[in-house]
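J.: Chain by chain, the residues:
2 protein chains.
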Amino acid sequence: MRVLYHLPLSPFARKVRLVLAERRLPFELRLEKVWERRPEYLELNPACTVPTLVEDSGLVVPDSAVICEYLEEAYPDMTLLGLNMPERVESRRLVKWFDEKFFAEVTRNLLWEKTMKQALRLGAPEAGALRAGYANLKQHLLYIGWLAEHRRWLAGENLSLADFAAAAQLSSLDFIGDVDWSVSPAAKDWYARMKSRPAFRAVLADRINGQAPPPHYADLDF
Amino acid sequence: MRVLYHLPLSPFARKVRLVLAERRLPFELRLEKVWERRPEYLELNPACTVPTLVEDSGLVVPDSAVICEYLEEAYPDMTLLGLNMPERVESRRLVKWFDEKFFAEVTRNLLWEKTMKQALRLGAPEAGALRAGYANLKQHLLYIGWLAEHRRWLAGENLSLADFAAAAQLSSLDFIGDVDWSVSPAAKDWYARMKSRPAFRAVLADRINGQAPPPHYADLDF
Ligand SMILES: N[C@@H](CCC(=O)N[C@@H](CS)C(=O)NCC(=O)O)C(=O)O
Ligand SMILES: N[C@@H](CCC(=O)N[C@@H](CS)C(=O)NCC(=O)O)C(=O)O
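Sequences listed follow chains D and A, in order.
According to the UniProt record's numbering, the residues represented by the first sequence are 1 to 222, in order.
According to the UniProt record's numbering, the residues represented by the second sequence are 1 to 222, in order.
All clues given are correct.
If several chains are the same, the list does not tell them apart, and a pair holds so long as it fits within one copy or across any two.
With a Cα cut of at most 20 Å, we get these calculated EDC-like pairs of lysine to aspartate or glutamate:
(1) K101 x E43
(2) K101 x E36
(3) K101 x D178
(4) K114 x E126
(5) K188 x D178
(6) K138 x D180
(7) K117 x D178
Hints were generated in silico from the structure; no laboratory data involved.
Looking at chain D on its own, in the form it has when it is part of the complex (with noise of 0.2 Å):
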C-alpha cells in the first residue's frame, strides 16, 4: 500500500492527502516526528520535513509540490493543473502563492506559534507574529473571495491545484479555530464548496492526539 507520511497540522501534507483522495489514490497515513530525525527517514527525505509518498514500487517522492508534479505526470486520466498553458501557469502560479507566500505571512505566524513552538518547548506564542499572521490572513482572505467571485474555481473555469494548496493551508489554520470566516463571503462560499467534496471527507473527520477540532471544521454549513 501506498504511505504517505505526515504531520496532522501541516498544510503541506494536508495537501498531498487531499490530492491523493481527489485522485482516489489510496494511502496509508504515517506520523513522522520530523524533530526526532530519525535515520531511516533522513534516509527517504534529507530535507525531513513531511510529506514523503512511497510508492508501492518502491519509488520515493519527498516534498508536497514534487509529490504533485510526480502525481500529475504518473495518473495522466485526470490533470489538476489544466488543459492548455494559460490554465496551467496560473494554476502552478497560484499553488506557490498559496505554499509560499500564504504559508510564510499567515500559517507560520498563526500555526507554528501556537502548536508546533509549543510542542518543542520552544516558549510561547510572540504577540507580533500572531497580530501579523491575523492581518495577513484577512488580506488572504478577501484575495481568495475576490478570485472566486470572478471565475469558477480560483484559477479558473476548472477546479485545480490552486483550489487544494488554499484549502490545506486554510483548513490547518480552521482545525484551531482561527479563521474568521465573515472576512469574506465569497471565500466561505468557495471553502465551503471544498469542503463538501468527498476528498476532504478523510480531513475533517481529523482529530489530533484526541483532541477534537471546533465545530464549525467539519460542518459543511458553517
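Please build the complex by placing chain A with the ligands on the supplied structure of chain D, with the hints as guidance.
T.: Chain A with the ligands in isolation, oriented as in the chain D frame:
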C-alpha cells in the same frame, strides 16, 4: 522578443537566465526594482518577485519554478528534468533543496544581509546571520561535492535543472566573493564544468552598477 524581468543578483532570476540560455531561447533582460512595487509590474506578478517571464504571445509566467515547469512543457525538444520518473523526482527534489533550503540557510543569510538590506537602508548585516550563512554554506558545499563524486551531474547521469538551481545560488554568492571553493574540490570541479557551458557566458559577464566581481568569478580555471 521574450522578456525576463530580473535583478542581477537574484538566484531565482539567474536560474531562469541559465535555463533559457541552455535551451537557446533568446530573451531580453529587464531590470525590475521590486521594492518600488510598480503597479504595471504588480499586474504581471501580484507576488511582486523576480523573475517574471513574458512570452512573445503575451503569456505572462511569474515565479522561477513555474517558469521552469512551463519551459519544460512548452519546449519539449529538450528536457531538463529527465526521461523517466525516478530521474524527474530526483531533479525536482534537488531543485527544491536549492531553491528552498540552500536559499533559506545560506543565500538569505549572506546575500540579503550584505546587499539588499543595505540597499534598502534596513541596517548593517547581522553577525549571527553571516556566521550561520558561512557555516551552512560549508555543509552545502560538502553535500554538492558528495553528489558530484557519486554521480556525473547532481541529480544523476544527466545534466538537469538541479545543476542550474545549485549553480544559480552559488553564482550569486560567488559574485560577492563569499564562496570558499577549497572546502570541496569535487564541488569546485562540478562548478567549473557548469561555468564552462555556453549557457553560463552571459552570467559570467555580469557587471552590477559598473561593479566587477572578484577575478576568479568569471575564470574557468579558478
Ligand atoms: N517544501 C516542503 C515543505 C514542507 C514543510 O515545511 N513541512 C513542515 C511541516 S508543515 C516540516 O516538515 N517541517 C520540519 C522542518 O522544517 O524541519 C513541501 O512542500 O513539502
Ligand atoms: N518563488 C520565487 C521567489 C523569488 C524571490 O524571492 N525573488 C526575490 C529576489 S531573489 C524577490 O523578488 N524579492 C522581493 C520580495 O520578496 O518582495 C521564485 O522562485 O521566483
